[in-house]
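> So you can see what is in the structure, the chains are spelled out below.
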Amino acid sequence: MQSIVSISNLSKTYAGGHQALKDVNLDIAPGEILALLGPNGAGKTTLISIICGIVKASSGSVTVAGHDIVTDYRSTRSMIGLVPQELTLGAFDTVWNTLSFSRGLFGKKPDPGYLEQLLRDLSLWGKKDSELMTLSGGMKRRVLIGKALSHEPAVLFLDEPTAGVDVELRKDMWALVRRLRESGVTIILTTHYIEEAEAIADRVGVINNGELLLVDDKQALMHKLGKRQLIMELEEAVGALPDSLSPWSLDLSADGGRLTYTYDPHTAHTGISGLLQAIREADLVLKDLKTTQSSLEEIFVNLVKGN
Amino acid sequence: MNTYAVRVIYKYEMLRAWETLLQSFASPVLSTSLYFVVFGSAIGSRIEQIEGVSYGAFIVPGLMMLALLTQSISNASFGIFFPKFTGTIYEVMSAPVSFLEILLGYVGAAATKSLIIGLIILATAGFFVPLEVAHPVWMAGFLVLTCISFSLFGFIIGLWADNFEKLQLIPLLVITPLVFLGGSFYSVSMLPPAWQTVTLFNPVVYLISGFRWSFFEVSDVSVGLSLSMVLVFLGACLLVVWWMFRTGYRLRQ
Ligand SMILES: Nc1ncnc2c1ncn2[C@@H]1O[C@H](COP(=O)(O)OP(=O)(O)O)[C@@H](O)[C@H]1O
Ligand SMILES: [Mg+2]
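Sequences listed follow chains A and B, in order. Just so we're aligned, residue 5 is where the first sequence starts under our numbering, counting upward by one. Just so we're aligned, residue 9 is where the second sequence starts under our numbering, counting upward by one.
Calculated directly from the structure, the hints in this document are not laboratory data. Just to be clear, a hint being listed does not mean it is correct.
[As the list claims (entries may be wrong)] Footprint (simulated), chain B over chain A, 3 or more residues, beta carbon under 8 Å:
#1 84-97
#2 235-243
[Claimed, not checked] If we take Cβ atoms under 7 Å as the criterion, some of the chain A residues that face chain B in the derived model are:
#3 G64
#4 R78
#5 R81
#6 W129
#7 K132
#8 L307
Cβ coordinates follow ideal geometry from the N, Cα and C atoms, glycine included.
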């Protein structure tokens, strides 16, 4: 399938000499949710800002639906909605006016019906005549989303949408993102919360120090890098492990009540059957047993360390 | 052409002025009226006519120019400086608008506001002194050209300034002295010859002279020269703005 956003050899060096992006290549498929995951200062905002036209690239190119973002900026920008990282809003505008402004700015003719529906979806309809400075932080964030959606974009960039947002609003935000994807919008969000990428993304790109370390399906990423752990609760705690279990290099918890076996689920021979057999032969009785998968956080830490 | 964008920028800039009506319109009109009362009525009654025009009427064009210049510059410079300052400019930068469209919206609104102020001042002046406009078309022409060129100039200042101090610097240190020394309150011919020559380096002299001519047919320099100077200034501002557009000056990193 043709990608909706295509980034080739993109680099950015700021006036001060800091290289914020290093030869980034990335293709984004229509309709997907892509999470760009990286610590503060990784270059996430810079990448988004270049695509949206706020920052000039030093080299490389970006196309949106086949149009170049520099030579054909009118086509590309009218397809893009941007929710910035900072809560930047005028103080005295009303919610309704600021959305109408955004829609017009992006070249769409007024459509009060659409804006009303949008405000209702964002639970802001009751606040439509309120001045922006009277709104809470969470509402301001939603107004920014409303502004970004006011011109019915095909691609939505959310720059750290849930930074400093309470748990409930974060869940709302995730639900909103999923609804938007269902309506066909491609969503690129940046985050430094692993749980966020894990919870809503289809694909995850890991970015650090201006380099895109990898991009992969979330599942494949877990598959590729995720170790699995088999955790076994013992009926009776033991002081030490019998020697017969040493081939599996198990972890014994401090209280002696839990065994942890770390294995790679993708190899032909995981050693689980043998382990269970050996446990039975050692006369250990299992009370409970479960497996866990390593989180993106662990994957991420490994990647950044390895880099 | 993204006409919807031009329209919303223009509309919301005008709306902002409307919401701060007192500050936007009432205060320049009030301060100019005070000049009429103090200079025109109190002092003017003791001053002879200048070139056949009563002093009270003589100062009207100059005072209008004073208000137009300062209002155009401050409206336009604040209009673009503020979104830069608060960060809301990101939206304009990421929108499918050309620099020309941004310019039409912001400068158009600033020029409209000062034009309105100029007309209100003109109407107010009529209460204090008998006024007749000899060449209405020329007057309107000077009025509109001045509003546009100085709004452009203000736009440039607003883009250039990266703090409030710089924003006030040029209007305070350059424009106000030039206007006061530009013959608002006197005829250049009243100055000693040496100073008359110096004065000719002040661009505002040409503006006020030409504008005054459109009222009373008296002028310090020929009206053709006045018009040329205004057009030269307008051209210079357009050139600077064009250069800023080419380079993304102070907007795109
Ligand atoms: N306008 C700028 N001028 C100079 N350096 C900048 C500018 N904006 C960002 N940077 C630097 O570029 C790097 C990447 O920043 P950014 O893209 O904001 O990262 P992130 O969004 O991932 O936190 C940081 O080191 C930051 O200090
Ligand atoms: Mg950022």
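> Does W129(A) pass the interface hint, meaning its C-beta sits closer than 7 Å to a C-beta of chain B?
violated (21 Å)
> Using the nearest Cβ pair, does R78(A) come within less than 7 Å of chain B?
holds (4 Å)
> How does the coverage statement for the segment 84-97 of chain A fare against chain B, requiring three or more residues with Cβ below 8 Å from a Cβ of that chain?
Satisfied; 10 residues make the cut.
> With a Cβ-Cβ cutoff of 8 Å, does the segment 235-243 of chain A contain at least three residues near chain B?
With 0 residues in contact (Cβ-Cβ under 8 Å with chain B), the coverage given for the segment 235-243 of chain A is violated.
> With chain B as the partner, please determine if G64(A) meets the hint condition of a C-beta pair closer than 7 Å.
violated (16 Å)
> Quick one, is the R81(A) hint okay against chain B at 7 Å, beta carbons?
Where the cut-off is 7 Å and the nearest Cβ of chain B is about 4 Å from R81(A), the hint holds.
> Any CB of chain B closer than 7 Å to the CB of L307(A)?
violated (29 Å)
> Should the interface hint for K132(A) be scored as holding, given a Cβ-Cβ cut-off of 7 Å against chain B?
violated (16 Å)
Checked against the numbered hints given earlier, this structure breaks hints 2, 3, 6, 7, 8; the rest are met.
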